[in-house]
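Trainee: Sequence:
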Amino acid sequence: MSETIYQFKVTLKEIYPPIWRRFQVRSDITFCELHKTLQVVMGWWNCHLHLFQVDALTITDKKTLAEWSEDGTPDHVIQLDKIVKQEDTTFTYEYDFGDSWEHELVLEAILPVDETAVYPCCLAGERACPPEDCGGPWGYKLFLEALQNPEHEEHSNYLTWVGGAFDSEAFDLDHVTRQLREGVYWQGEMVAPPLTSTQTFTPQGQWFWDSIPEHIQAKIISTVWCPHCGDATTIVNFKGNIKQGDLLLRGECIRCGGFVTRLIEGS
Numbered sequence: 127m128s129e130t131i132y133q134f135k136v137t138l139k140e141i142y143p144p145i146w147r148r149f150q151v152r153s154d155i156t157f158c159e160l161h162k163t164l165q166v167v168m169g170w171w172n173c174h175l176h177l178f179q180v181d182a183l184t185i186t187d188k189k190t191l192a193e194w195s196e197d198g199t200p201d202h203v204i205q206l207d208k209i210v211k212q213e214d215t216t217f218t219y220e221y222d223f224g225d226s227w228e229h230e231l232v233l234e235a236i237l238p239v240d241e242t243a244v245y246p247c248c249l250a251g252e253r254a255c256p257p258e259d260c261g262g263p264w265g266y267k268l269f270l271e272a273l274q275n276p277e278h279e280e281h282s283n284y285l286t287w288v289g290g291a292f293d294s295e296a297f298d299l300d301h302v303t304r305q306l307r308e309g310v311y312w313q314g315e316m317v318a319p320p321l322t323s324t325q326t327f328t329p330q331g332q333w334f335w336d337s338i339p340e341h342i343q344a345k346i347i348s349t350v351w352c353p354h355c356g357d358a359t360t361i362v363n364f365k366g367n368i369k370q371g372d373l374l375l376r377g378e379c380i381r382c383g384g385f386v387t388r389l390i391e392g393s
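Everything in the sequence shown is counted per the working numbering, starting at 127 for the first residue and increasing by one.
Wrong hints could be hidden among the right ones.
Stated by the list, open to error - Mimicking EDC-like on lysine to aspartate or glutamate, the simulated pairs with C-alpha atoms at most 16 Å apart in a straight line are:
hint, residue 1, residue 2
1, Lys345, Glu308
2, Lys135, Glu230
3, Lys139, Glu228
4, Lys135, Glu308
5, Lys189, Glu220
6, Lys369, Glu234
7, Lys135, Asp225
8, Lys267, Glu378
9, Lys369, Glu340
10, Lys365, Glu378
11, Lys267, Glu308
12, Lys208, Glu140
13, Lys208, Asp240
14, Lys267, Glu295
15, Lys208, Glu159
16, Lys208, Glu129
17, Lys139, Asp225
18, Lys188, Glu159
19, Lys139, Glu213
20, Lys135, Asp214
21, Lys135, Glu213
Read the hints as simulated data drawn from the structure, not as lab findings.
Fair warning: this is a prediction, and the values are worked out from it, not measured in the lab.
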């Protein structure tokens, strides 16, 4: 595990006043893990394609490579500190190619590990993340104008769409911290796993786990039976190994900390 921490500032482009977050991650995470962290700290729901652009290098996930373009490198095999090596390095993260939300990431500092900290962690931020599918920076501007004007023809429709209220100036650091530790849920389904949880696999176990689509991975780890709580739970800090062709996960219940297991049958 890395003894070095990267501190980033991420800013959503073409939005004023800026929407930004400051966060820290271990330097040896993959770009896939960086993507998941960005989704949580920004407030997105991980329901669209994405890519990173670091100079001439395009880094993205297997789904984007299959559906959008073969011109790229899979994000789950590239370690962050193998590509981003110096402070003040700047690169781009694009989320949702329809709305085209472009984020600027700046590596503000390279720091030693704080043994009292839990990574990834969000340190600060300002302003709320725009709603998904609102039309990108231009659509978001129109959305806010409609919300602020009760006479606007789209006012009631937008208000209903966002559940009755939307505060563009709000940012809840404690809420982001809870989501990093407990995962993000929408309509009872996990859309982002607990990112502060550790996952350790044997080589064969890692291959098995990587072959499972991310949304299925999320369902697996969030529906583990805990005999101590007597209910379904999320498994955290787990290890995975192959047992007679199946993948066995062994870890802790996110609620009580008790020992839990999950067996995933091989095909």
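Trainee: Of all the hints numbered above, which does this structure not satisfy? Sort the numbers upward.
Mentor: Hint check: 4, 6, 7, 8, 9, 11, 12, 13 and 19 fail, others pass.
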